[in-house]
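What follows is each chain in one-letter form.
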Amino acid sequence: MFTSDTREIHSAILNLYRSRLVPVGGNVTAAVFPFMKIFPADFCLRRALAEQRIDSRSIIIETSSGNMALGLAIVSKLYGFSLTIVTDYACDGFLRRRIEDLGARVEMVPAPAAIGGYQQARLDRLNEIRAESEDHWWLNQYANPANPGSYGSFAAQLVEGVGHIDCLVGTVGSGGSLCGTAGFLRELFPEMTTVAVDTFGSVLFGQPEEPRKIRGMGNSILPANLDHSAIDEVHWVSAAEAYKAARTLHQKTSLFCGGTSGAAWMVARHWAIKNPRARVVCIFPDDGYRYTETIYNDEYLLGQRLWLPELPAAPRIVEHPLDAGQGWSCMQWGRRGYAEIVKPAEHAAAAR
Amino acid sequence: MISSHNPSLHAESNAISFRPGKGRSIAQHGELFQGQIEDENLQLRRCLMSLPCNAMYSEAAFTPDTSGTFVVTPSYKSKVKRAAELTREHLKLPRLGGTIKVESTIPEAKGYGSSTADCIAAARSIADSVGHTWAEEQLAQLVVKAEVASDNFMFSRAVLFAHREGVVLEDYAQNLPKLEVIGVDTSEDSYVDTLEHPPARYSWRQLQSFRTLTGALRRAIRLGDIRLLGRVATASAVINEDFLPKPRFREVMRTVENVDALGVAVAHSGTVLSVLFDPQDPELDRKSEQLSKGLRRLGVSDVRRFQT
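Quick note, the sequences are listed as chains S and W, same order. Following the working numbering, the numbering of the first sequence begins with 1 at its first residue and continues without gaps. Following the working numbering, the numbering of the second sequence begins with 1001 at its first residue and continues without gaps.
To be clear, the hints were calculated from the coordinates, so they are not data collected in a lab. Treat the numbers as computed from the prediction; the structure is a model and nothing was measured. We put the beta carbon where it would ideally sit given N, CA and C, even for glycine. Hints may contain errors.
As the list claims (entries may be wrong) - Here are some chain W residues pointing at chain S (derived, C-beta under 8 Å):
hint, residue
1, Pro-1199
2, Arg-1201
3, Gln-1208
4, Arg-1211
5, Arg-1218
6, Gly-1224
7, Arg-1227
8, Ala-1235
9, Phe-1243
Claimed, not checked - From the structure, some residues in chain S lie toward chain W, with a derived Cβ separation under 8 Å:
hint, residue
10, Gly-149
11, Ile-221
12, Ala-278
Stated by the list, open to error - Now the in silico label distances, taken between C-beta atoms and shown as ranges:
hint, chain 1, residue 1, chain 2, residue 2, range
13, W, Arg-1164, S, Ile-13, 40 to 48 Å
14, W, Arg-1164, S, Glu-100, 45 to 53 Å
15, W, Pro-1198, S, Pro-190, 46 to 54 Å
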């Protein structure tokens, strides 16, 4: 499927999106991606090709309202695959126009499902489309092992640039980047602390599901790629806090990043202050250009009641996911399984 | 390529000047890394990095003649004869023959690279006889041809070596940092035939791990970071445990963790295992003693201690 010429173009394009390691104060190094999701998208397609799950006739299909959709649109174009993206209103105009410009079909679901929200509604629609033709291949970033498995080169870059890593901080959506990178790094540093950053109303670490204002972190369903037993510490950060953090990061360092990067930075900085001798790495998954009219626009933030005068200094420490709320909260997860912490009965009671 | 003082060995000349040659090679004590990575053409290559060991060696004494055939003692060292023939080809001296006497202190089929050492020593002894000095890359190519797959301790500097093609995949252009090594044999009564042993079939996930490990290796050697080097060796040992399990590997690993060593390097075709320490560690003697005790409890005895 590849000539040497297209292979060269392909790897050059991918190179544009590689992360750079930037010291962001104290003992924290940020891995700053212009756009991280292109790497798992690319690797999932390469694995599917190697395993002969797809060929030139295949139509790639995926549900995403964010960066995975754009990442897939870029690599599908590079490989010459057709692509269908099932998404919802959260896929903003900029993203949608770019995905369509790359030749992908964009399917919007009109309303959330009764249980599982928009994510479930998107899955339902995805399955309808898959039934239309056998040529569809669902990438399934939430369960595809090639998603976390794609971060070996990134882990190589981290360890080559930073050396011994004591703590990795990253936001969680599919679980791919944080659990994937931590898995590779822990082959060298089994004792490394892994800190997950989630948001309120996300079920990932046992909060009851609620509509969420921030995209790119949090989830309404539990993805198989999130390995709870790999996580030492969980933080819940609100959209307003994440946005304020992104703005503060920009004001302090000139790094122009999205809200998930802001959240990761805020948590990493806090962890690093508590552990001044530790070497901390945090993952910044995308740059800020998609958010010029939102995160970087005070009028928008004020209008949406997402404007914060100041960044919180420290999280509230909680013992259980159901106690998290009213702003930045932190819990020691202790590499436990989901079911060890989240009991369905408590959950149901909390949801009422 | 051939030194001017000894032109008589050339094919067109009948006169032969007999000048005996000597060659020597150290051994290895397992590998710091073994895996499979993509080369610059995205071709997957099996590769390794030897942990050199100068506590054992092979020595070859070459007595040249014009018989055109080589006689090797001991005669069962067939790879040595092949190495001698390839050396003759390389030197472009078709009439060269002679006897090669190999004396080695390196046990065979354990993972010490005994046959690689024999081939290196023999090739060096013949080169010495005609006043030739090997470029390490060329010697590596030759040894791989002589024995299908070879270790890489013919290099004095650190390299990541494709041991089936005989090419350097990554040249770190500097020496390995110094390590203190306590070597053990996890199974004193078993042996591994390098050629019969099937090559590891790594999963795609393990291939991705090798990317991370080689990134770490680059830094470890560049900065002389032996702590990181120990971690790489251990991680490589753990992955390869899937393909050539070492007897009592888990128990040995637990003992190693208890003494706070830097890591372990295993023989990926053999039964030896090296426990790595910082030569500057002030606690070294105490740790070494504690390790020996722990290993003895497992029925594993430490066989030697050396510095790289």
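Hint check results:
no.: 1; hint: Pro-1199; verdict: violated, 19 Å
no.: 2; hint: Arg-1201; verdict: violated, 14 Å
no.: 3; hint: Gln-1208; verdict: holds, 3 Å
no.: 4; hint: Arg-1211; verdict: holds, 4 Å
no.: 5; hint: Arg-1218; verdict: holds, 5 Å
no.: 6; hint: Gly-1224; verdict: violated, 12 Å
no.: 7; hint: Arg-1227; verdict: holds, 7 Å
no.: 8; hint: Ala-1235; verdict: holds, 4 Å
no.: 9; hint: Phe-1243; verdict: violated, 16 Å
no.: 10; hint: Gly-149; verdict: holds, 5 Å
no.: 11; hint: Ile-221; verdict: violated, 24 Å
no.: 12; hint: Ala-278; verdict: violated, 15 Å
no.: 13; hint: W:Arg-1164 / S:Ile-13: 40 to 48 Å; verdict: violated, 33 Å
no.: 14; hint: W:Arg-1164 / S:Glu-100: 45 to 53 Å; verdict: holds, 48 Å
no.: 15; hint: W:Pro-1198 / S:Pro-190: 46 to 54 Å; verdict: violated, 29 Å
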